[in-house]
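J.: So the protein lines, in turn, are chains A, B and C. At position 176 of the first sequence the residue is numbered 179 (the numbering used here), and the sequence of numbers has no breaks. At position 183 of the second sequence the residue is numbered 186 (the numbering used here), and the sequence of numbers has no breaks. At position 182 of the third sequence the residue is numbered 185 (the numbering used here), and the sequence of numbers has no breaks.
Be a bit skeptical, because a hint or two may be false.
Some residues of chain B that are not near chain C, with every Cβ distance over 12 Å (derived) [stated by the list, open to error]: (1) 25; (2) 63; (3) 89; (4) 118; (5) 310; (6) 333; (7) 336; (8) 341; (9) 343; (10) 360; (11) 362; (12) 368; (13) 393.
Here are the computed distance ranges between Cβ atoms for each label pair [said to hold, decoys possible]: (14) A:415 <-> C:99: 54 to 60 Å; (15) C:314 <-> B:410: 52 to 58 Å; (16) C:178 <-> B:409: 49 to 55 Å; (17) A:9 <-> C:110: 39 to 45 Å; (18) C:105 <-> A:113: 48 to 54 Å; (19) B:409 <-> A:115: 44 to 50 Å; (20) B:116 <-> A:415: 25 to 31 Å; (21) B:195 <-> C:30: 36 to 42 Å.
Here are the simulated SDA-like cross-link-like pairs (lysine to any residue), alpha carbons at most 25 Å apart as the crow flies [claimed, not checked]: (22) C:266 <-> A:405; (23) A:257 <-> C:266; (24) B:136 <-> B:111; (25) B:257 <-> C:156; (26) C:63 <-> B:397.
What the hints contain is simulated information worked out from the structure, not anything from laboratory work. Think of the CB as a built atom: it goes at the ideal place given N, C-alpha and C, for glycine as much as any other residue.
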Amino acid sequence: IMSESAALKERLFNELDQIFLIDPHTHIMANDPASRTLADILGYHYYTELAHSAGMSREKIEEADIEPREKVRRLFQHFGPISNTVQWSWFEELCRELFDWSDGPIDASNWESLYERSAEFLKTDGWVNHVMKKSRLEAVFLTNDFDDPLEGFDTNRFVPCLRTDDIVFHLAKQSVRDRLERSTGVSPSTLQNLEVALDRLFIHFTKRGARACAISLPPDFTPTRVSDHEARVALDECLRSHHDQAVLSSSSAKILSAFLFWKLAERCREYQLPFDLMIGVRRRVYPAGVHQGQDLFDSQVSLMQYAELLNAFPTVVFPISVLASVTNQELVAFSWIFPNVVTHGHWWYSNTPSFIARDLAARLEAIPRTKQIGYYSDAYKLEFALPKFRMYKQILADTLARTFVMERGWSEQQAIELGHDVLRGNVERIFYATSNRR
Amino acid sequence: IMSESAALKERLFNELDQIFLIDPHTHIMANDPASRTLADILGYHYYTELAHSAGMSREKIEEADIEPREKVRRLFQHFGPISNTVQWSWFEELCRELFDWSDGPIDASNWESLYERSAEFLKTDGWVNHVMKKSRLEAVFLTNDFDDPLEGFDTNRFVPCLRTDDIVFHLAKQSVRDRLERSTGVSPSTLQNLEVALDRLFIHFTKRGARACAISLPPDFTPTRVSDHEARVALDECLRSHHDQAVLSSSSAKILSAFLFWKLAERCREYQLPFDLMIGVRRRVYPAGVHQGQDLFDSQVSLMQYAELLNAFPTVVFPISVLASVTNQELVAFSWIFPNVVTHGHWWYSNTPSFIARDLAARLEAIPRTKQIGYYSDAYKLEFALPKFRMYKQILADTLARTFVMERGWSEQQAIELGHDVLRGNVERIFYATSNRR
Amino acid sequence: IMSESAALKERLFNELDQIFLIDPHTHIMANDPASRTLADILGYHYYTELAHSAGMSREKIEEADIEPREKVRRLFQHFGPISNTVQWSWFEELCRELFDWSDGPIDASNWESLYERSAEFLKTDGWVNHVMKKSRLEAVFLTNDFDDPLEGFDTNRFVPCLRTDDIVFHLAKQSVRDRLERSTGVSPSTLQNLEVALDRLFIHFTKRGARACAISLPPDFTPTRVSDHEARVALDECLRSHHDQAVLSSSSAKILSAFLFWKLAERCREYQLPFDLMIGVRRRVYPAGVHQGQDLFDSQVSLMQYAELLNAFPTVVFPISVLASVTNQELVAFSWIFPNVVTHGHWWYSNTPSFIARDLAARLEAIPRTKQIGYYSDAYKLEFALPKFRMYKQILADTLARTFVMERGWSEQQAIELGHDVLRGNVERIFYATSNRR
């Protein structure tokens, strides 16, 4: 028998689980959104990096031209040690829900049966539609390179989002400058040209229905206004590098990044795009790690570094994700004070239940309900939205049940409405606010 | 039906709720302690800054000469988005308990009825006495400017407390130096005069029953002993500024602040006043915000910065508040090791239930029970002590029930005694220890 | 009557409590492992520092030549204020379990009866065996000075561990250099000699069955490769100091520490010893404190400082303890990504229930189960392993019950197996992996 509070939580979860979602941040490829084999699913960096961490060599994982089935076979020989992780529980739930798996734990003894079974499902006609419906996904936001043509897909369902890390942090690479020139028709050889190129990117993206500009930022980045003179000197140094290694002096690199970031913020203002900031990641901390399993974070970061930016762009909405849970209280306070700061999901290393639970509780009790975007899946393949969102919805239901219904005496309906705001309503409110973009 | 643990928690809460309190930190005006209209209550910065954060313009909130009723009307058009916040739940509880409001949620549709109702209550004779009794308040500590005459009120009930931010951080302003000269009769033109002025302030305050000296400190402040020579040079620079803008060079400002802070600590030792330190606030981070809604905090701060001070003044008691919950573990450890450090309440951005719950649990399990001052209301108007203290007492009762009664097997009476220590006993122990001050 | 979840937790606890343990970090003296009187037990720094913090003078606690009974008498006059602490609950559980104490709270009124009673127990033949059996201790790791002869005890039961703080941080002291020369037969007068000396230490320790090298590190320490030239200059400066005060210039001290630390890591690789890193402690922050009650921590530290080390030594296992709970998420992420990082217990100021609970939850949900060493007692006397491990096992049982059995639907058996991994299995896996050391 179930306790009263567990029953309450279940009722709330079931209601929240009916809501159709717009997933506001993913890495899904619009032209290839779903998995083809179990190797696509288990090739997700969470599984490869955890297997590697538990002792599997990178060579074994990343051998070239390895067959999907063989890849899965190898991985299953190393999944025992990760059976406790929440990432593994996502995989189990995914198999139960999408592949009707009901044979209990999946391991090295029975993976082949799952492999066959999943293959049947994955090749069915309309799999993408089926997964989206079953996952209650109405649309997903993409993460598009700045030179993505954005063609060949329904941009209402697969919503473009301009990712700008390359521009801000890698313009010293010849390949990036070449891509910029090819995609905009302008050589980034002067500040003026650079500004024209940025305008053309924003025009291209907003015409194709982009709903956000996004960037991930290292912990030591501090946005600041840079003089044209400083920027020009830094750009000139940058242009002298004719290869792909970033060889800018560290101070020039900082100046150029700050300049470009500021110019992007100006365009977010002009083209009315929210600017997603994902703060705190350190890239390639473990260069011997598997693909996408090399980055970590630094909890020594402060949102105070963003004060100048937030004050300078009062009309730009900044959905902010922080990588370190210890920065969550700053995020709560900034979102409580600054009208243009909204909280955005639970990112990466903070996307595990105990961190979500405490970060969510702190947000729900102190930030206006219209300023919290509860969750995004960050998924590379459609199949992961279901288990990741469910994890979040379980925690959300629990928090609503205990804090709002049981402690504050709210009705269940009131609690569900709050849940709706953070799951769906605010995605519309924040990313779809402007109806007539150019 | 209520679970056993919920019933236990309720019994403990009811006992704790009987205790008469001395609120050890408020911003209440002794000569005008209560609200006159609902506009005073909803003018509290929590409501104006949250409404502003949710989209209401500062101009609408802070228009000059606006009538109280009109102010409340405007605010209620923007309170929908903040109905989830704990601050809103304080308001609701306040209305239920003090204005007998029993018509459910308060919103733009029914605020006028509440306005009338509250006006009746607020103008009744003896409202101050009634609120204090109902809130179980025996006395409240004030926050007095250094030049406050401290006259016209019962200092046993409204207890003076010398606030020293202006002296330490704003002596470069001519207006502050003028106020210091007027209130002490000494021009702060030399170090010696400054010391005489400080003595006169402490004599004035302790004669009028002051129980604490208090200051709020930015995260980059590090108390340290400064040589007279350095201090003299910095003071001379300071004296050359004849207007109200702080124009001290940043290094002189730091030296002068450190010097003055140290001199205050010496006087706390001599005049036997606890020195309340409120650590971590950054002022005017969002200068376009509403009144009192412009400050934030930096979680990049360490109590290690205070080691020299704590070692230098072993006989001064330092009740310490930290603004960032991530600093709470340092506070716990410092209070566990240093005899002169006591924990002091849950301040501002850490004064929401989820942060209180985790910070309180960490304190109760590791700091001597005689060294924890549980809570202060920080209120500007008397009416807020009730809901804020109740929030705290609910969390305290829950922690005592689960950790002490259920896990450790304490009797309910033992748990209540511990609750009494942190709610009331330690306020007396720490602020009323010395019976014969000069 | 007990709720279903409480009953589940109790069943899990009872199973976990049967597991025989290898305590992977203690300060126990192999030749004198148990207490002789209650003064040994209550002389543990937790009790003396908390009594001092609550008002007892150091002089009273540390008076020379004080009789054990008198020491206990004095302490009991000051233990009232610490009755709420978890440290006190360890003492109470210890008395109940090891001295059959069943007369309820222990205080100044009845301590003498406990003193007599405990004296009877402590002098019984086979007390060490009895305590170990009752505490489910199969073996305990020691903390040995580098010049410990490691003789006169069973190294399977009392397992040597090479503690290296003195070498890395105190080589500027003549006494440390003398000890190094005496114990290795080599004068540390050149870099080459130093390397020979280190080799001899590792040979001595591994021959005597050492299972780990260990060190505690201040928050501003950053391991890095140092050139021989730099190291030579720093060593030369070091050798010129002929007394026990560290007089090295701060930059030379840093270089020498970094050099020595790196050389130790090289030997951990060569001699296949895990290198326990205990990160974050600041020594002598409160120099007027009681013995071992003077150190604190700084939460301003980042594991990013260890990235170079972790990349440079992929075959060395680093069991890492962090002193600040706010660093736990970094530890989780590093252990999730780096194959050579494992989490190690809950250290000192993070060894209280609320921090253990949140840190443990974050580890269990994201780190491979084979890479988590749940707990060590850090005890100075055998008697403390029982209550400290029980505290941990209670929290572990609770987390397993709620997160794994109730939320994820695991069987109780599965949950117990995960508990076994973190309590016992991983200690073997990590410290006993290499069967044939030189």
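J.: Taking the hints in turn, state whether each one holds.
T.: Structure-based check of each hint:
1. For residue 25 of chain B, the condition that its CB be more than 12 Å from all CB atoms of chain C holds, with the nearest at approximately 20 Å.
2. No beta-carbon of chain C comes within 12 Å of the beta-carbon of residue 63 of chain B; the shortest separation is about 40 Å.
3. Here residue 89 of chain B stays apart from chain C, with its beta-carbon at least about 21 Å from theirs, past the 12 Å limit.
4. Against the 12 Å criterion, residue 118 of chain B stays outside the reach of chain C, whose nearest CB is about 43 Å from its own CB.
5. Its closest Cβ contact with chain C, about 5 Å, brings residue 310 of chain B to no more than 12 Å, contrary to its assignment away from the interface.
6. Distance check for residue 333 of chain B against chain C: the nearest CB is about 6 Å away, which does not clear 12 Å, and the non-interface claim fails.
7. Non-interface call for residue 336 of chain B relative to chain C: violated, since the shortest CB-CB distance, roughly 5 Å, does not exceed 12 Å.
8. The Cβ of residue 341 of chain B sits about 6 Å from the closest Cβ of chain C, inside the 12 Å cut-off, so the non-interface label is violated.
9. Distance check on residue 343 of chain B: its Cβ comes as close as 9 Å (rounded) to a Cβ of chain C, failing to clear the 12 Å threshold; non-interface status is violated.
10. With a minimum CB-CB distance of about 9 Å to chain C, residue 360 of chain B fails to clear the 12 Å threshold, and the non-interface call is violated.
11. Taking the minimum C-beta to C-beta distance to chain C, about 9 Å, the non-interface status of residue 362 of chain B is violated against the 12 Å cut.
12. Against chain C, the non-interface label of residue 368 of chain B is violated: not every CB pair exceeds 12 Å, the least being about 5 Å.
13. With a least beta-carbon separation of about 23 Å from chain C, residue 393 of chain B lies farther than 12 Å from that chain, consistent with its non-interface assignment.
14. Between residue 415 of chain A and residue 99 of chain C the Cβ separation comes to about 45 Å, which falls outside the hinted range of 54 to 60 Å.
15. The supplied range of 52 to 58 Å is broken by residue 314 of chain C and residue 410 of chain B, whose beta-carbon atoms lie about 43 Å from each other.
16. Between residue 178 of chain C and residue 409 of chain B the C-beta distance comes to about 52 Å, which sits within the given range of 49 to 55 Å.
17. Here the CB-CB span from residue 9 of chain A to residue 110 of chain C is close to 41 Å, well matched to the stated 39 to 45 Å.
18. Against the hinted window of 48 to 54 Å, the Cβ-Cβ separation of residue 105 of chain C and residue 113 of chain A comes to about 52 Å, which satisfies the hint.
19. For residue 409 of chain B paired with residue 115 of chain A, a C-beta distance near 48 Å keeps the hint of 44 to 50 Å intact.
20. Roughly 26 Å separates the CB atoms of residue 116 of chain B and residue 415 of chain A, a value that falls within the hinted 25 to 31 Å.
21. Residue 195 of chain B and residue 30 of chain C have their C-beta atoms about 53 Å apart, which leaves the hinted 36 to 42 Å range violated.
22. Annotation: proposed proximity of residue 266 of chain C to residue 405 of chain A is violated, straight-line Cα distance about 53 Å (limit 25 Å).
23. Simply put, residue 257 of chain A and residue 266 of chain C have alpha-carbon atoms about 35 Å apart, too far for the 25 Å limit, and the pair is violated.
24. Simply put, residue 136 of chain B and residue 111 of chain B have alpha-carbon atoms about 31 Å apart, too far for the 25 Å limit, and the pair is violated.
25. Of the supplied pair hints, the one linking residue 257 of chain B and residue 156 of chain C is violated, its CA atoms being roughly 58 Å apart against a limit of 25 Å.
26. Restraint check for residue 63 of chain C and residue 397 of chain B: not satisfied, since their Cα atoms lie roughly 40 Å apart, outside the 25 Å limit.
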